[in-house]
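**Student:** Go ahead and model the full structure; you've got the sequences and the hints to work with.
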Amino acid sequence: MSLHLALLSDTFPPDVGGLAVSAARLADGLAAHGHTVEVFAPTSALRPGQAQCSTDGPLLVWRLGAQRKADETLAEWFDLLLTRHAEQPFDLLHAYFVARAGFVAVYAGRTLGVPSVISARGNDLDRAVFDPAKAAHIRYALEHADALTANARHLAVRAAALAPGRQVTLVPNGVNADLFTPGP
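Counted from 1, the sequence shown has number 137 at position 137 by the numbering used here; the numbering is strictly sequential.
Check before you lean on any hint, since a few could be wrong.
[What the hints assert, rightly or not] Here are the simulated distance ranges between beta carbons:
id: 1; residue 1: E87; residue 2: P58; range: 13 to 23 Å
id: 2; residue 1: R25; residue 2: A51; range: 23 to 33 Å
id: 3; residue 1: L82; residue 2: E143; range: 13 to 23 Å
id: 4; residue 1: A177; residue 2: E87; range: 36 to 46 Å
id: 5; residue 1: P184; residue 2: L82; range: 49 to 59 Å
id: 6; residue 1: N173; residue 2: G57; range: 38 to 48 Å
id: 7; residue 1: E72; residue 2: L112; range: 17 to 27 Å
id: 8; residue 1: E143; residue 2: F180; range: 35 to 45 Å
id: 9; residue 1: T83; residue 2: N176; range: 14 to 24 Å
Calculated from the structure, these hints are not laboratory results.
Where a beta carbon is used, it is the ideal one built from N, C-alpha and C, also for glycine.
**Tutor:** Take a look at the structure:
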């Protein structure tokens, strides 16, 4: 069964960093298994509020010019998801990073009646949770997502501490076994 998936990430290539690389690997893997994947990521490379769609192999990549105020960026990200869903409905919204992408995915999912998955990736629960401007978004996302994942055991513990009673599935980062092998 092929699904139409929205993947939200705070960064995505050509952005640098582990989050961007991980999000790209997930998107590519899902597409390789026959799913239609649309990626949504804010960027400072576009004018504030400008939305631009490009293709990256089988992926549709939506970049949204970040606003000066974070709440305006989140609102435009949310609106873009709703617009795309009206044009071609999503079966699932998956967010990489709890603080911003997670909040937008869960709020949009509940608004649209579409399930949402959020994945804790690191600084969202290591640092962003201590920012009063982000803490409520993180808590909402953790409490209301249909499924929670984390790429490290300590993040699963922290997510469960913030959302008691919620199951958090541990999905460690994979490695390319052709490049990385156990040493002697």
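**Student:** Determine for every hint whether it applies to the structure shown.
**Tutor:** Tested hints:
{"no.": "1", "hint": "E87 / P58: 13 to 23 Å", "verdict": "holds, 18 Å"}
{"no.": "2", "hint": "R25 / A51: 23 to 33 Å", "verdict": "holds, 24 Å"}
{"no.": "3", "hint": "L82 / E143: 13 to 23 Å", "verdict": "holds, 21 Å"}
{"no.": "4", "hint": "A177 / E87: 36 to 46 Å", "verdict": "holds, 39 Å"}
{"no.": "5", "hint": "P184 / L82: 49 to 59 Å", "verdict": "holds, 54 Å"}
{"no.": "6", "hint": "N173 / G57: 38 to 48 Å", "verdict": "violated, 21 Å"}
{"no.": "7", "hint": "E72 / L112: 17 to 27 Å", "verdict": "holds, 21 Å"}
{"no.": "8", "hint": "E143 / F180: 35 to 45 Å", "verdict": "holds, 37 Å"}
{"no.": "9", "hint": "T83 / N176: 14 to 24 Å", "verdict": "violated, 36 Å"}
Of the numbered hints stated above, those contradicted by the structure are hints 6, 9, listed in ascending order.
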